[in-house]
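*Asks:* Turn these sequences into a full structure, and let the hints guide you.
Chains as they are written, first to last, in full-length UniProt numbering: chain A, 1 to 125; chain B, 1 to 815.
Just so you know, the hints here were simulated from the structure itself, not pulled from any lab data. You can trust all of the hints, since none of them are fake.
Partner residues are not named here, just some residues of chain B that face chain A (Cβ under 7 Å, in silico):
#: 1; residue: Trp-601
#: 2; residue: Ala-652
#: 3; residue: Ala-702
#: 4; residue: Asn-737
Being a predicted model, the structure only gives us computed values, none of them experimental. Cβ atoms here follow ideal geometry from the backbone N, Cα and C, with glycine treated the same way.
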Amino acid sequence: MNTPALVLVITVGVLYGTGFYLLVQRSLMRVVLGILLLGHGSNLALLLTDGGAALPPLLGDAGEGRIADPLPHAMILTAIVITFGVTTFLLALAYRVWLGDENDEVPDDIEDRRIGALAEPEDSA
Amino acid sequence: MLPALIALHVAVAVVLPPLAVRLGPRVFLVAAVPLLATAGWALLQLPGILDGRPATASVPWAPELGLVLDFRLDALALTMVALISGIGSLIFVYAAWYFSASERALGRLAAMMVLFSASMLGVVVTDNLLALYVFWELTTVCSFVLIGHSDHRENSRRAAIQALITTAGFGLLMLIGFLLLGQAAGTYRISELVADPPTGPLVPLAVVLVLAGAFAKSAQVPLHYWLPAAMVAPTPVSAYLHAATMVKGGVYLVARLAPGFADTGPWLPLVLSFGLATMVVGAWRAMRQDDGKLLLAYGTVSQLGFLTVLAGAGTPISGIAVVAMLLAHGFFKSTLFLAVGVIDHQVGTRTMSRLSGVGRRMPVLATAAAVAAGSMAGLPPLLGFVAKEADFEVYLPGHHPALSVAGSSAVLLVLALGSVLTFGYSARLWWGSFTTKAEVAERRYPSAGPAFLAPVVLLAAACLLPGLAPSLVDPLAQAHAATMPHAAAPDYHLALWHGFSLPLLLSVAVTAAGLVLFANRERFYRLQSAAPRWPDAEVAYHLFVHAVYSTALGVTRRLQTGSLPLYLTVILGTLLVVPGGWFVWSLASSGLHVPMSGGDWRLWDTPVQLVLALVVGVSAIAAVREERRFPALLLLGATGFGMCGIFVVHGAPDLALTLILVETLTMIILIFVLRRLPARFASGARRVGWPRRLTAVVCALAGIFVAGVLAASTYARSLPPASVGYWEEAEHAGSANLVNLILADFRAMDTIGEITVLVTAAVAVASLVVANRRTGGENGGDEGNGAAKPVMARNEPVIGREGHETSTGGGHGSG
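*Replies:* The structure is reproduced here in structure tokens:
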């Protein structure tokens, strides 16, 4: 029972794909949503390392049937909480950006633009 | 002792900058101390070396890895040490009177020159190819700083960079060559490599690469352009680095490797063609110069070509000739550099067409320079003549085993042509610098002091004495020749008089032709002006530098546009191309087991999973397509709760409970924030048309890649779970919930880290909110936001704890 169910693998792919897509958007709010989706995708991927559906890893219930590996669960639990912390922080940032200039878009880096606009090398004659 | 001497140089270099503040230019006298110590110690080793017993030292660095730094001082190394430490200390004494107290950065200059001396010493005494490379590049770095001494001048900086890029760039090729040689031979010890040269298909390539590095360092055509440009350095630096020592590093390496590798295919053709071309081109250019220092620089280029031809021969006679010529060139070239420096220092110019009567005002200097110029031209009874006799001997027909009579004659002819030109520019330099010219007005200037002139006179004496008594140099040259592997010991000794022989005839012919050339010099200059310029690689250098700059700018302009979405897309693209490409390739070439081909593959464990997966997938896709904020938020909530369902089915109730809590809180916070934002996502900056479709395709492919890797890696899993032993441990720990045990007991430290993250996030969020209250009170900090943020900040640590307590699964969890 090492391999996971196919629908769940596909679900991971969908969560990552949509997460990536939101991540490359200009709106900070969509970026935050993208990170949430990526978090879900990662959690599901971790869960699938254990294979298919099983019984909860609780002593006493371990009668017949397969017991789930508790280690991925512990990791996912940590991941959920940390995703929550990151999301909140990003939301606060997005909110601050919006307070500053009335939109929540990621602006271009002016300094990068300046370097790109250099017409000629400075020291090559 | 050798490593200790190098360390002494470094120690003295460290104290020089503070001393320079007190002593001014006299700090160079202190700087000469380690050089004198080295020269004295080397002199003590002379008897042993002449008997064929080199002084050795060994520093174990990491013997377990075969890293032992071996040093040895043999005849060739001693010859170089005579230049580095012997001539070096005289140049340092000279520098103590050359610089004025107002010279900028004197301490740095003196320290760098001593460090250079240490590096150069390292190059010639190390017996390890890799250590040689390190010392070699250290000399390059020192040279960079010293050429760029006047760092407020642009041409100075430019020359320094040019020298650095040229020599260090080709030095990298040399390093590759060293590595190939070392791998082929199984050792990096130079003495072992030369004694038992490796064979193999890569050795000729290695030889070419090593020679490329040596040629760049020794300013061989067409890479010679950096050396004349480096003359912007102060004259003592030019005399020391760019005449006596550093540029000879390449010659030294050629001479060091020649006994073992002269028979390797490309060696002799490369050494002869580049060396001879350099000799003629350098001398030709030297004839055109009006600046005494530049004339000497091109003369050095020419002589370096000559030396390369000699050093590369690899025969015992060439060993004798190389030692004699290295010493002769070191003595006469540094004398002339210092003499030109004296003129420049006293008169204020070294341009020959503006000098007149210098010889009358400074007869001692003129005499010393005449001796040195005579040695350069190859006149008896000077060391230059003795050396040149030996040089011709190397390529006499029949003396080099790999050359036919015609080949030897051709080489001799070009050597003679170069020597005629050498005679010409030697005469031009002395004539132009010291004679009285009717058409040039004489200047008034102070005469030079005796201490300033003493090093010049001593060096000139060194040009003369070994010429009068070649037996001073001959034993050293014989000792070096004795290390050459060719069995037949040469029956040749350095001498003024060998009887009537072909070399003598050549010397007479060269002198006669040189006199004719000098008598008809005006006609020769006109010929030169009419002749086309010799090609050199300086154009290629500038094209290369320009190409690097514009490529960097072009790449920056395209990739670093300042747009975060673009950066992320580039990263995703890289993910798809590099690991993605590898993944597809290994699937296609069946280097990886295709998961679908075996195992217990199934669509779902229970049909409920299909339903939940549809909820998650569809709501995620819909959230992406949604233009309005609130519906997008609700769809995301649906995704989250779908995830909870999947967790339940998968036997993870703790996860489901925690996720429900976290999702609910996230939704509440999002709603608080979204309340203030516009109803729709801004559409102004959104990508439309092809860019948008391309983004969608890249993201979809990235999702497929992640799913594919997940499927392949779970299928490939062969080891049992790491948590197998946890069951027994759980009995002792007294809890029924394994996940809870892992978090609170087995991996409790990780949980502390997690809490730290949460606290940090909470503090960050709180500080953002507080800053908002202070500064943004009028435009957005009303009670709604003010209330929302503290709730978040307060809740996070609580959530963290609750999340885990939930997972205790029992009575006091989510209550």
